[in-house]
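A.B. asks: Could you put together the complete structure from these sequences and hints?
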Amino acid sequence: MSGTKIDDRMPVLVGCGQLVQKEKDVEKAKSPMHLMADAAQAAAADTGLGRKLWDVVDNVTTVRFITDSPDSTRLPFGRYPNASKTLANMLGANPTKTCYGPTGGNTPQMLVNHTAELIANGETDVALVAGSECFGTLMRALGQGKQLPWHDENPGGERIDIGYEKAGVTEVEKRHKLQFPVNIYPMFENAIR
1 MSGTKIDDRM PVLVGCGQLV QKEKDVEKAK SPMHLMADAA QAAAADTGLG RKLWDVVDNV
61 TTVRFITDSP DSTRLPFGRY PNASKTLANM LGANPTKTCY GPTGGNTPQM LVNHTAELIA
121 NGETDVALVA GSECFGTLMR ALGQGKQLPW HDENPGGERI DIGYEKAGVT EVEKRHKLQF
181 PVNIYPMFEN AIR
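Residue numbers (this note's numbering): 1 to 193.
None of these hints come from the bench; they were simulated from the model.
Beta carbons are placed, not taken as given, at the ideal position from N, Cα and C, and that holds for glycine.
Errors might be hidden in some of the hints.
Derived lysine to aspartate or glutamate pairs resembling EDC-like cross-links, with alpha carbons at most 20 angstroms apart [stated by the list, open to error]:
{"no.": "1", "residue 1": "Lys-30", "residue 2": "Asp-152"}
{"no.": "2", "residue 1": "Lys-177", "residue 2": "Glu-158"}
{"no.": "3", "residue 1": "Lys-30", "residue 2": "Glu-153"}
{"no.": "4", "residue 1": "Lys-177", "residue 2": "Asp-71"}
{"no.": "5", "residue 1": "Lys-146", "residue 2": "Glu-27"}
Restraint-style ranges between C-beta atoms, simulated for each label pair [what the hints assert, rightly or not]:
{"no.": "6", "residue 1": "Gly-104", "residue 2": "Val-172", "range": "11 to 21 angstroms"}
{"no.": "7", "residue 1": "Val-169", "residue 2": "Asp-125", "range": "32 to 42 angstroms"}
{"no.": "8", "residue 1": "Asp-8", "residue 2": "Gly-48", "range": "12 to 22 angstroms"}
{"no.": "9", "residue 1": "Asp-58", "residue 2": "Lys-22", "range": "32 to 42 angstroms"}
{"no.": "10", "residue 1": "Gly-3", "residue 2": "Glu-23", "range": "43 to 53 angstroms"}
{"no.": "11", "residue 1": "Ala-167", "residue 2": "Val-56", "range": "36 to 46 angstroms"}
{"no.": "12", "residue 1": "Gly-48", "residue 2": "Glu-171", "range": "41 to 51 angstroms"}
{"no.": "13", "residue 1": "Gln-147", "residue 2": "Val-20", "range": "17 to 27 angstroms"}
{"no.": "14", "residue 1": "Gly-48", "residue 2": "Ile-6", "range": "16 to 26 angstroms"}
{"no.": "15", "residue 1": "Gly-122", "residue 2": "Lys-166", "range": "46 to 56 angstroms"}
{"no.": "16", "residue 1": "Gly-48", "residue 2": "Lys-174", "range": "41 to 51 angstroms"}
{"no.": "17", "residue 1": "Gly-78", "residue 2": "Glu-165", "range": "10 to 20 angstroms"}
{"no.": "18", "residue 1": "Lys-177", "residue 2": "Pro-76", "range": "14 to 24 angstroms"}
{"no.": "19", "residue 1": "Glu-173", "residue 2": "Pro-108", "range": "38 to 48 angstroms"}
C.D. replies: Right under this line is the structure:
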C-alpha cells in the first residue's frame, strides 16, 4: 500500500480511552463527568499528544447522561445544561462545537458516525467523542437516600443537540418492569430457543 494517498478529510480514530469504576462507596465514587474526563485524558495520552490535544480539538460530543434524559426529572442529582462544554472546560479545551447526543445504547456509535461525517465534510478537524455512566453508583445513592453533586449549572457555550430523545420502552413495558436489558434479554433468549 505504499504510495497510496489517503484523502485529507478521511476520518481517523487516533486515540481511545476506557475505564471502569469499581468504587462501592457513593461518597468516594467519581461522577459520570469525572469518569468521562479521565477516559478522555487516557485517549489524549493514547494519541501521543497528551494534554496538547486539547489545544486543537474543535468539537466535543458526548452521549447524554441518564440523569439528563427526559425520564429522569425525578432524580435528585441535578443536570448538565451543556455536558460537552463542562467536559471541555475540565480538559482545558475550547471547541467551537459542543454537541450532546440522546440517551441510548446505540448512541455512541451514532455519534461516532455523525462526527466522522462532520470531519469528512470539512465542518470539524479534530473531535472528541465521549460518554460515561454511573448507573450502579446512581442506584446505590438512591437506595441510601443520598444526593450527589452531578451537575454544572452554567458551563457556558451553545449546546448542539444531535439525534432525538425517545422513550426506550412503552408504557406497557414499564408497567411490567421491562425497561432494563437485564429483564428483557432473557425473554429474547427464551424466544429464540
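A.B. asks: The structure should be examined with respect to each hint, and the outcome stated for every one.
C.D. replies: Going through the hints against the structure:
no.	hint	verdict
1	Lys-30 to Asp-152	holds (15 angstroms)
2	Lys-177 to Glu-158	violated (37 angstroms)
3	Lys-30 to Glu-153	holds (18 angstroms)
4	Lys-177 to Asp-71	holds (15 angstroms)
5	Lys-146 to Glu-27	holds (9 angstroms)
6	Gly-104 to Val-172: 11 to 21 angstroms	holds (19 angstroms)
7	Val-169 to Asp-125: 32 to 42 angstroms	holds (39 angstroms)
8	Asp-8 to Gly-48: 12 to 22 angstroms	holds (20 angstroms)
9	Asp-58 to Lys-22: 32 to 42 angstroms	holds (34 angstroms)
10	Gly-3 to Glu-23: 43 to 53 angstroms	holds (51 angstroms)
11	Ala-167 to Val-56: 36 to 46 angstroms	holds (38 angstroms)
12	Gly-48 to Glu-171: 41 to 51 angstroms	holds (50 angstroms)
13	Gln-147 to Val-20: 17 to 27 angstroms	holds (24 angstroms)
14	Gly-48 to Ile-6: 16 to 26 angstroms	holds (19 angstroms)
15	Gly-122 to Lys-166: 46 to 56 angstroms	violated (31 angstroms)
16	Gly-48 to Lys-174: 41 to 51 angstroms	holds (47 angstroms)
17	Gly-78 to Glu-165: 10 to 20 angstroms	holds (18 angstroms)
18	Lys-177 to Pro-76: 14 to 24 angstroms	holds (22 angstroms)
19	Glu-173 to Pro-108: 38 to 48 angstroms	violated (23 angstroms)
Of the numbered hints given earlier, the model fails hints 2, 15, 19; all others are met.
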